[in-house]
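Asker: Quick note, the sequences are listed as chains U and V, same order.
With my numbering, letter number 61 in the first sequence gets 61, and the count goes up by one each step, no holes.
With my numbering, letter number 41 in the second sequence gets 41, and the count goes up by one each step, no holes.
If you are wondering where the hints come from, they were derived from the structure by calculation, not from laboratory data.
Take the hints with a grain of salt, since some may be wrong.
Take a look, some chain U residues computed to stay more than 10 Å from chain V by CB distance [what the hints assert, rightly or not]:
id: 1; residue: Val8
id: 2; residue: Gly28
id: 3; residue: Ile30
Some chain V residues near chain U, calculated using beta-carbon distances under 10 Å [to be verified]:
id: 4; residue: Leu12
id: 5; residue: Val14
id: 6; residue: Pro15
id: 7; residue: Phe16
id: 8; residue: Tyr20
id: 9; residue: Ile22
id: 10; residue: His29
id: 11; residue: Ile81
id: 12; residue: Ala94
id: 13; residue: Arg107
id: 14; residue: Ser110
id: 15; residue: Ser127
id: 16; residue: Thr131
As the structure is a prediction and not an experimental result, all values here were calculated from the model.
The beta-carbon is built from N, C-alpha and C at its ideal position, and this holds for glycine as well.
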Amino acid sequence: MKKLMLMVVLAGLFVVLVSSILKMPALGSIDNPSYNEVTHYYLENTLDDTKAVNVIAAVITDYRAFDTLGETTVLFTSIAAVISVLQISHHKKEKNKGEKQHG
Amino acid sequence: MDDLIVKTITRLIVPFIQLYGIFIILHGHISPGGGFSGGAILGSSIILFTLSYGLERASKKVPHKISAILESAGILWYIFIGLIGIALGGTFLANQDSGFFMGEAGRILSAGMIPLLTVAIGIKVASTMVTLFHTIIEED
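Could you build all of it, start to finish, from the sequences and the hints given here?
Answerer: Now the structure itself:
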């Protein structure tokens with residue numbers, strides 16, 4: 001009984017997900033909602049706005065520089081977390097070594 | 001790893017890898033690349049050195065303290081450039097409005113603050129990779 005229920009629920013989920021996939025726009029189609037006026041703005045005005053030939057670099061470090069600041073903060077946070085966790089175990093090891101040598 | 005061939009090849013090839021990483025970082029606004037990819041190349045050159053020469057010699061070349069300072073310096077430099085924009089009368093991280101030197105498109109000294117920010121990101125990514133690798137490898 002439990003298995004039957006599970007299968008019905010999963011089949012329903014499958015139908016919903018597949019029907020939403022079928023509604024998605026085709027990859028690379030010119031009618032995609034992501035291919036809107038923002039893209040045209042970047043391609044047409046990057047050279048005048050930033051004098052950078054590389055449009056991607058202009059988007060990353062000029063138009064969306066604040067987003068990149070967040071990205072570098074993520075790197076900083078990750079390294080701070082790793083060091084604070086691993087450094088504790090190092091200190092413990094060094095302490096144990098010191099005690100053994102003294103004793 | 002104590003192998004003469006690996007050590008010799010590493011010694012020969014590391015400067016070129018680092019030069020290539022610096023090239024990618026400095027040409028971030030002209031050619032494909034930028035801070036993240038160039039920093040990854042720079043960091044991987046140090047990781048290659050650590051793998052072939054051992055942690056002891058590598059941490060003499062790049063001590064923990066220096067990589068930790070570079071780590072913070074990268075992000076502080078980024079924020080400092082953003083604040084220059086405010087000081088010059090634009091908004092935070094504004095490029096042309098705050099009057100950075102724009103120059104001529106296609107030159108290295110152009111595009112205002114983009115190369116400066118790319119250098120900051122490159123230093124940040126490289127020191128993050130090196131610090132992570134050295135901290136994890138210290139376990140054994």
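Asker: Each of the hints needs a verdict: does it hold here or not?
Answerer: Consistency of the hints with the structure:
1. Against the 10 Å criterion, Val8 (chain U) stays outside the reach of chain V, whose nearest CB is about 46 Å from its own CB.
2. Taking the minimum C-beta to C-beta distance to chain V, about 20 Å, the non-interface status of Gly28 (chain U) holds against the 10 Å cut.
3. Remark: the non-interface label on Ile30 (chain U) is consistent with the geometry, its nearest Cβ contact in chain V lying 24 Å away (cut-off 10 Å).
4. Interface hint at Leu12 (chain V): violated, since its Cβ lies 30 Å from the closest Cβ of chain U, which is beyond the 10 Å cut-off.
5. Among the interface hints, the one on Val14 (chain V) is violated; its C-beta lies about 23 Å from the nearest C-beta in chain U, farther than the 10 Å criterion.
6. Hint on Pro15 (chain V) is violated. Least Cβ distance to chain U is approximately 26 Å, over the 10 Å limit.
7. With 10 Å as the threshold, the beta carbon of Phe16 (chain V) stays out of range of chain U, its nearest partner Cβ sitting at about 23 Å, so the hint is violated.
8. The criterion of a C-beta within 10 Å of any C-beta in chain U is not met by Tyr20 (chain V), whose closest approach is roughly 17 Å, and the hint is violated.
9. Annotation: Ile22 (chain V) was flagged as interfacial toward chain U, and the flag is violated, the nearest CB pair being 16 Å apart, outside 10 Å.
10. Using the Cβ-Cβ criterion of 10 Å, the hint placing His29 (chain V) at the interface with chain U is satisfied: the shortest such distance is roughly 4 Å.
11. Hint on Ile81 (chain V) holds. Least Cβ distance to chain U is approximately 9 Å, under the 10 Å limit.
12. For Ala94 (chain V), the interface hint holds, the least distance from its beta-carbon to any beta-carbon of chain U being 9 Å, beneath 10 Å.
13. Taken as an interface hint, Arg107 (chain V) checks out: its beta carbon lies about 9 Å from the nearest beta carbon of chain U, inside 10 Å.
14. Using the Cβ-Cβ criterion of 10 Å, the hint placing Ser110 (chain V) at the interface with chain U is satisfied: the shortest such distance is roughly 5 Å.
15. Interface restraint check: Ser127 (chain V) against chain U, minimum CB-CB distance 8 Å, threshold 10 Å, status holds.
16. Annotation: interface hint on Thr131 (chain V) holds; nearest CB of chain U at approximately 6 Å, less than 10 Å.
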